[in-house]
Amino acid sequence: MDLQFTPEEQAFRAEIRQWVAENLPRDISHKVHNALRLTRDDLQRWAKILGKKGWLGWGWPKQFGGPGWNAVQKHLFEEECALAGAPRVPPFGPIMVAPVIMAFGSPEQQKRFLPGIASGEVWWSQGYSEPGSGSDLASLKCRAERRGDKYIVNGQKTWTTLGQYGEWIFCLVRTGTEGKPQTGISFLLIDMKSPGVAVKPIRLLDGEPEVNEVFFDNVEVPAENLVGEENKGWTYAKYLLAHERTNIADVNRAKRELERLKRIAKAEGVYEDARFRDQIALLEVDIVALEMMVLRVLSAEKSGKQSLDIAGLLKIRGSEIQQRYTELMMLAAGPFAVPFVSEAMEAGWQGDYVGAAHCAPLASTYFNYRKTTIYGGSNEVQRNIVAQTVLGS
Amino acid sequence: MDFDFTDDQESLRDAVRRWVDKAFPFERRHGIAKAGGATRAVYGELAELGLAGLAIPEANGGLGFGPVEAMVVCEELGRGLVNAPYVHGALVAPALLAAAPEAVQAAWLPRMAAAEALVVLAHQERGARYFLHHVATEAEARGDGYVLSGAKSIVPAGDEADAFIVPARLQLDDSHHPTALFLVERGAPGLAVRGYPTQDGARAAELTLQATPATLITVDGAGLLERAVDVGIAGVCAEAVGVMDRLVAMTVEYMNTRKQFGVPIASFQALRHRIADVKMQLELARSMSYYASLKLGEPPEKRRHALAQAKVQLGQSMRFVGQQCVQLHGGIGVTDEYAGSHYFKRLTVIEMTFGDTLHHLGEVSRHLHDTAGVFA
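Chains as they are written, first to last, in my numbering: chain A, 19 to 411; chain B, 2 to 377.
Simulated from the structure, these hints should not be mistaken for lab results.
Worth double-checking, as some hints may not be accurate.
[Claimed, not checked] Cut-off 30 angstroms, straight-line C-alpha distance, at most; resulting in silico cross-link-like pairs (DSSO-like, lysine-lysine): (1) A/K159 with A/K256; (2) A/K159 with A/K211; (3) A/K284 with B/K303; (4) B/K303 with A/K92.
Everything numeric in this text was worked out from a predicted model, so none of it was measured.
If we strip away everything but chain A, and leave its shape as in the complex, we get (with noise of 0.2 angstroms):
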């Protein structure tokens, strides 16, 4: 047992952090470090720098261009880049269909897919939610018939995280309907640019229209662009949703929301009130144990040797600190939080802020928040998974 990263680790992580010291936009890390609002040409600027040294799929092989890191190296760099205050890369092609293709794909798949994903020029989109099918995804009525070498797409998805800049799209769609919900279901990559595709947006409760609805009408997809074998596809999403947990978890931001929540609490005047005080001890502690906990995640991975019922945890509790640290800059902020002055998110706005510039942001992103315990399975489907592994049954 030992708490420290070994000489390696820690030399890796300085080359990391130096490398993203100088490499990391400026412009960029001012935004997140402020909650500011990204654009498109944000994530993609960083996307393409992180492509350009070969780390946008850092997670990835060797064999598939990536770094081929190991567990440890993973976190590590991802704690780096969080630090410094750069954007979460989007992670629907790095990080999910990109797996899927590597473990299921054929070899002319990851030839023509995975280029684009590594290098950040081609920006992917998620279709899994539909209007009825949310907990309950193995529901899913989006309807592929396949006739002759193409699949004719009907059907909604929904919830599609920043889909109007998505170029291509990864979809689970029914194919069969005989047997088990699950059975009928096929994993299919869908150019977005093809007729009788549309995009429109849903705006969220914070005013910002990060999600939209997807709608298929006729939609002409060539059947190599199915993944994989036809009605396997709820095998390859539950793969990729077992593929990152640790991720999700996302302590290395949390750790930096922190210091930011600390910023703005001794501004606000309120880091000297011990009521208010003890509440930013009580989330230091949640966070150094979920830090503890994910540690404890990548140290069984890296050695093999223990085998941990943990991961399932991850989700839960990271999104509760992520609710609560936005909870408590707003309650940080008090009366100076109400205000909803949109532009007043945008870098550089010469407007009159209402109390201090970092009051902002804050409300909206407390309320853009509550999303975290809802999306990738909500909490409460995951308390039934863990349930199902403690009690066995």
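Given the coordinates of chain A, work out where chain B should sit on it, guided by the hints.
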């Protein structure tokens, strides 16, 4: 960064677990509790396994093991709900005596390693809450030695111990009155010991000292006392993990066998979510117990902050796991006959040992840094 145990540590765990399974069934614990909580004999059996000398240097007859081995042992003793003053006698007292003059160490440590002597820290006072610097007991130089006057409370296994390590205020001059540490032997003149049972089936005692002769361990003992208490915190955190681990396992078993409305109660979603939340608290606690033991070697300020953080997590987890596991058992959970209620009571007492959750939250809160995290 590595959270695997070595083969030797796993063997140690197995050895303790085998002893617990063989020699310490719940009936034995229950019997001890009903008979008033005297546990000295149990402590003696642990010494036969070498455990009393676990943290004592080999030169003084111990095993010279470190915090991870101590954690492993405490987890297993917790799992078996072994009522013996293990953390106090085998971990805290040796940590305090590490600063004693050579002769004092030579006189006590070998006997402690064999459990021929049980030495415990007697630091709590009325009105001090959990603050270590609040010491009203006074020490006075007399002849070649010292005498102590004052009172100490809730001294673990107080009427079974052979000696006490007593913090006392030493008046050196008007401006300098450090917390000095002394060793006071049972039977010393002017020492009165009033023992009583505790809620967790063991014993404690009130000590009163009236010009009681004492052996000096160290004049400036505040830092050492803090360190020894941190060793104690790591010990009880690990014990609590063992206690919770077993209690959760018992609860899971109960949920899968107890039937109501014709089905196992494990099938009800309200209860399934509750056990998921219990599992969360257990694993957060285990994570922070590791953190506590692995941070014992840090410089004082970092060590104290880390141990306070750990005790905050453990305190919250113990209360939640204890309360919810009783609840999930229904009526049987609140009976004396059922082992689960005893696990719950032990968790409750551990929260109030070496500082409760609010106390340590205050410590964390007062010493917040700008950065946070495991490596901050």
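Flag every earlier hint the structure violates by its number, smallest first.
Hints that this structure does not satisfy do not exist here, as all of them hold.
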